[in-house]
Structures are given as structure tokens and as C-alpha cells.
Amino acid sequence: MAASKTVGDVLRAHGVSRRGFMKFCAATASMMALPPSMVSTVAAAIENARRPSVIWLPFQECTGCTEAITRSHTPTLEGLIFDSISLDYHHTLMAASGQRAEDAMMQAMEENYGNYLLLVDGSIPTEEFESHSCTNGHTHLSMLKDAATGAAAIVSVGTCAAYGGIPKANPNPTKARSVQDLITDKPIINVPGCPPVPTVLTGVLAHYLVFGTIPELDPYGRPMAFFGQNIHDRCYRRPFYERGQFAETFDDEGAKKGYCLYKLGCKGPITYNACATVRWNEGTSWPVQSGHGCLGCSEPDFWDKGSFYRPLSAAYWGDARTVGIGAAAGAAAGLAAAALARGKQKKAQQEEKA
Amino acid sequence: MNEGLYWEGMSLLDFARGPALRWAVIIFVIGIVWRLTALLLASRKQLEPAKGSATSGGMKTLLTRSAPAHELEKNIVFQHYSGYAWHIGMFVVLLFFAPHMLFFKDILGFGWPTLPNLFITFFTVVTMGILLVLLARRLMNPVLRQLTTWDDYISWLIAFLPFLTGIMAFTHITFGMRYETVLALHFLSVSALLIWFPFGKLMHAIFIWPSRYKVGAAFARRGVRA
Amino acid sequence: MSGLSGIGVKVESGAAAPDEIYANTLPLLHEIRHALARLVESGEPTVIDIQSIPMGPGDMNRLMDALGEGEVRAEFEALGKTVIRESRYGGVWIIEHLNGSGGVAGRFIEITWVPSLLQAQREDVEAGLEALADALAAAGN
Chain A
1 MAASKTVGDV
11 LRAHGVSRRG
21 FMKFCAATAS
31 MMALPPSMVS
41 TVAAAIENAR
51 RPSVIWLPFQ
61 ECTGCTEAIT
71 RSHTPTLEGL
81 IFDSISLDYH
91 HTLMAASGQR
101 AEDAMMQAME
111 ENYGNYLLLV
121 DGSIPTEEFE
131 SHSCTNGHTH
141 LSMLKDAATG
151 AAAIVSVGTC
161 AAYGGIPKAN
171 PNPTKARSVQ
181 DLITDKPIIN
191 VPGCPPVPTV
201 LTGVLAHYLV
211 FGTIPELDPY
221 GRPMAFFGQN
231 IHDRCYRRPF
241 YERGQFAETF
251 DDEGAKKGYC
261 LYKLGCKGPI
271 TYNACATVRW
281 NEGTSWPVQS
291 GHGCLGCSEP
301 DFWDKGSFYR
311 PLSAAYWGDA
321 RTVGIGAAAG
331 AAAGLAAAAL
341 ARGKQKKAQQ
351 EEKA
Chain B
1001 MNEGLYWEGM
1011 SLLDFARGPA
1021 LRWAVIIFVI
1031 GIVWRLTALL
1041 LASRKQLEPA
1051 KGSATSGGMK
1061 TLLTRSAPAH
1071 ELEKNIVFQH
1081 YSGYAWHIGM
1091 FVVLLFFAPH
1101 MLFFKDILGF
1111 GWPTLPNLFI
1121 TFFTVVTMGI
1131 LLVLLARRLM
1141 NPVLRQLTTW
1151 DDYISWLIAF
1161 LPFLTGIMAF
1171 THITFGMRYE
1181 TVLALHFLSV
1191 SALLIWFPFG
1201 KLMHAIFIWP
1211 SRYKVGAAFA
1221 RRGVRA
Chain C
2001 MSGLSGIGVK
2011 VESGAAAPDE
2021 IYANTLPLLH
2031 EIRHALARLV
2041 ESGEPTVIDI
2051 QSIPMGPGDM
2061 NRLMDALGEG
2071 EVRAEFEALG
2081 KTVIRESRYG
2091 GVWIIEHLNG
2101 SGGVAGRFIE
2111 ITWVPSLLQA
2121 QREDVEAGLE
2131 ALADALAAAG
2141 N
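Protein chains in written order, with this note's numbering: chain A, 1 to 354; chain B, 1001 to 1226; chain C, 2001 to 2141.
Keep in mind the hints are simulated off the structure, nothing from the lab. Hints may contain errors.
[What the hints assert, rightly or not] Quick list of simulated restraints, FRET-style, between CB atoms:
id, chain 1, residue 1, chain 2, residue 2, range
1, B, L1012, C, K2081, 29 to 37 Å
2, B, L1063, C, L2026, 50 to 58 Å
3, A, T184, B, A1205, 31 to 39 Å
4, A, E242, C, G2090, 51 to 59 Å
5, B, S1056, A, L340, 50 to 58 Å
6, C, R2122, A, D9, 24 to 32 Å
7, A, Q229, B, D1151, 38 to 46 Å
8, A, T184, B, Q1079, 29 to 37 Å
9, A, A320, B, Q1079, 46 to 54 Å
10, C, R2122, A, D233, 48 to 56 Å
11, C, E2077, A, T135, 20 to 28 Å
12, C, M2064, B, M1177, 38 to 46 Å
13, B, Y1084, A, T184, 54 to 62 Å
Keep in mind it's a predicted model, so treat the numbers as computed, not measured. A virtual CB, placed ideally from N, CA and C, is assigned to each residue, including glycine.
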């Protein structure tokens, strides 16, 4: 079984020299957001790491996460990380189909019981809507529970698996739940994003590969190495924010000069992700660099937090009608109070006269 | 837009930006209008003949009370001018920090130029410093302490908290809390201010003009210098 | 008024933004200066992972321009090309790892006497020794 080989074996089988291996380790350490001084540790660990068996279950999802990951796939270092794991089931990517694919999954789950890594993308419909999302006649809820039993750990890939994402958005028509809502007895790593940054997912896999452990997580179950700082704090446009230089519209002079997008609704200050440093498409760019504010896609319920274009500091204060009713109620109370006071005054005067 | 604000798993920040602030605004408006109506309709029968023009006396007092009375100047000069400094700093921070302006722009429909963050930080620190000094003075001066009611302490705290939470959020000195939590506390402190405002001494911001006028008018009628 | 003609498109020239805007180059150069001083004084090398530092458009180019080209330039081919070159400041090396499709997989600045990747690697040397011995044996010598 492929899973018994070490990663070093796999790389040598690819004809990778020591220089190439060290290069791979340097890039991997960088990908894992480790300091360059950790490269030798990473090298020693990767050399002897066993290839983990990975089962990837797609549930109520759009395949965008898989698309994003495979875009970074061909002959890149991320690709090598993928070669270093044994991806035993991913129904979009695998060659086998139908019953043979399901058999492969069952076989991998049995052979690696207790040791495989379970990757999930998509949310899971529950209760009366459980049957609204099925594969091969099994509901996704039952598949998740079965697969989770034998998993060493679960990686929720994308915001849907991590927090329910778009399917869970108000009014949540399928009573969709996230993986962590349903599975509570396994370590779960959330790699949210819509889609997640491919390098971040491979970085998490690399961490598991190298250290065999779950990375340090934030309160939302996200790896601190990638989700430890918010976009705003790592944004190259931050100096404009400090200087009070903002784009007022998407095509004004400020937008052309690359000023801060806070006024156009950027959610960078409350969004934790690695976009600002890792960037997308082999480090080419990322949403803010291309001129659009951050949507906050790696945060729970990002879809329900009002308009993407509403400045963060603009609150939901109500509307003119509510305020008008409030003012009318206040005026009525004031009139009543004044009438009461005059009544008292009159009474006092009468008493004085009498 | 507002309908979408309630959902399961709403965070503290969502609550603070949404329902908390909305209710605070409603209570604020009811309270202000209520107290202002009651004040303006309140009157007392004028039994004695007028010895001077009430209107011109009232208008004059609006201005004369803006500077310390000559006889008292020595004793109140510190609190008078630190009061000015505090209010100016407060308005600069409130109106000219870009995110604050956006808050008002959302309500009013128009915006205005804002200041770089460096200035805002400066004014925030000055403003907080003045508030702390004035509190210390209030606590240490035996006469002032005797005059102080719970309303004063609560109003001080209610005015101080938005600055404290604001600068904590801005500088990321959060004492272990997440930034979003501090930002939520900032919104909540403003909600607390809005709720307390009409019912405590913060109402002076509104009452100062009509009450000055009324005092001036009453004194002028009697031929007394206000 | 429908279709593409209705959408305002502005073609941007590739002109770089003015220097003073994105100011990440300067602090990095200072960091490199300190690292060079450490190398000279105590022989302690430094590696900076510049790919994971937030940079604005053009920032990386400005940094590379500031560091310039030195005397040494080497390339090797392993999992895609890697370019190692000395900057105009001796001891400051720029290491660019490209992946198989030519994208940048990692970019480091090493402040050291000789970058470790330039040296032959012990494992490769051992493998080479074995291979040479085998070749000689196969040739009957």
C-alpha cells in the first residue's frame, strides 16, 4: 500500500536530488509560515514522514474549493505535497467511478482505520433535509459520521465545511450544518475561505505530514500560522488607512492610486486569512491588490453580515421611520409630563390662594 | 437590509452593530424628545411686572456664560478651559476619524473630509487624559466630592468607555481579547452612552442652550444681571 | 448601448507606482544591513523569507533593483529552476526557487559567505561516489 512509503522515498522515486529536496523543504517551510531557520527540521521530518492516507468527501458544495486546489496542482511544489499524500478518495479527481470508487474508499478506510486524514468540503443538510444531499444513495450526514469514526483528524476545507458557508446563510433552507457542528469527538482543522487559499491547505497538509500533529488553532479552529493576523494588519495598503487616504468609489483617483478600500466596505479589519502575504495564483495578486475590498469569506456567517460594500463602521442603526416613531412617542411622553406639571402648579397656586 | 440581521450564531459584533445599536437609538430619540418637550412646555406664572426684556436677556446669557464670569475666574479657570479642551478633542475624534465619519454618513447621507489617524490618536489621548485628571480632581477635592452624585460618576464612565474601547481597538492593546470583541465593546459602549444620555447629566449637551436661555430670561425680567 | 461597449474599460500602462508609496523596501534594506554586520562580526548567517512579507505591487521589483546584480550567478535544475545570485552587496544572496511552470515557489535573501544550496550536498556526493565506483567497476577497472 502506498501509504507505507516515506515521503523521502516518494521524492527520490521522482528523481529529486538533495538540492531539490532542500528546495522543496525551504518552500514548504515558507508555505507553513515557518521561519527559514526551521528548514533543516522540516527536512529531517519530511525525509522520514509516512505518507498519510487522505479521504476527501465533497458534500453540499460548489466544487470551487477543489477547483482552487487543483489550479495550483500541476508541476508545482503544492503538487508535490499532494503527491506526498495518498489521496485515496476524491470523487471529482479520481479516475475510478461508480461502485469501484466507493469500493476504493471503503478499502482505504478499512486499511487505515484510525489513521487516515478526512478532508471535507461543503456543508451537511440535516434533520428533515438530510436526504437533500446524497452520494451513491447515502446521505452526506451518514457518510460524514461513518468516515469520521476512523479518521485521525478532519480538515474542513472551505467556509461551507468549516462554518456552514453559503448553504447555511439565512434562512438556511436545508438546515445545513458545518462539520464541527456535527462531529465533536475528533480534532478538526478549519481551513475556511471561499475558496480557501490553496497554499494554506497544502501548508496545513505539510504540517500534518512533517509534524504528524494538528497545528495550533485559533478560537474558530483555524491554524494560527495562516489565520493569526487580520487582513487589515498585513495589508500593503495599510499606510493609506493611517494617512486617511481612501478610495471613495471604485474608479476615482484614489482607487487608481491604490488607496485604502475601507470606505468601499473592505472587511479586512475583521477577517483573518493569509491572502495579504501568501496571495493567489503563485503569489501574483489578491483581491485587495486587484482593487476590491475583502469580503471576509474566511469568517463564520460572512454571507449574513450585510452588504459587502457597507463600511465596517457603518452600523445598522435602524431607519428614519423607526426614529420618527420614537420621536413621536417621546413628544407624547413630554406633553404628558408637562401637562402633569402644570396641573400640579395650578393646584399649588389654588392652595396658596385658599 | 435590517431583516437579515438576525441569524443563528450571531457574533457579539453583529449584535453590537445591529440590534443593540438600533434599540439604543430608539431609546435615545424617545428620551431626548420627551425631556426636551417637557422642558420647553414647562412654565411658571409671571406674577410680577417685567423689569427688562426677557428675550434679549436670554440671548445675551447664551453668550456671556461661554466665558468664565470675571468674579469667579480665578477659582474656575482650570475646569473651565479643560472643559473646552475636552469637548473640542471629543468632537474632533467623534467627527474627523474616518470610520466615525462613515458611521454618520450612513445615517445622514453625506460625508466630510477626515483627519489622518495620527491626529486622532493625539486627540484621543489628550481627551482621555483630561477626563482622568477631572475625575481625580473630583475625588480629591472635598467640596467637589460632596457635590458629586452617582449620576456624575456614571456619566463620567459612560463618556470615558467609548474612548477606552476605541483606542484599545485602534492600537490592538486588547488584553487578550480578539479585535472583533473590542470593536463590539466599542459599539456597545456607544449604545450605553445613547441609552444613558437623555436620563443622566450627559443631557447637558442638549439642555445647555434652553436652560441658559431660561435662566437669562428670568433674570432679565427681574432686572438682574445673569 | 449593450454589450461590451457599455462597459468603461481603462487600459493601464505598466508604469510603476511612485517610490514613496509602498515603503517596504527601506525597512528590508535596513534588516539586510544589520544581518550583514552580524555576518562580518560573528560569522552568523541570516535567511529572510521575502515571499511571506506583505508587499505592494512593484515592491519586490524595487527591492530587487535596490539590491542589483553582483558578480556571481548560478542556476540549478531540480523541481524546476532555481537561480542563486549575489547582489551588488557582497554576501547578500538572492535565491529564487521557480516551480516546474516557471512560477515563483519561494524567494529568499541569504546573508552568508556561500549559500548552502551552492555547495554539493553530502547525500548527493555519497550517491555520486557510489555511482562513480559502479561505473568504474562496470568498465572493468
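Indices of hints not satisfied (ascending):
1, 3, 4, 5, 6, 8, 9, 10, 11
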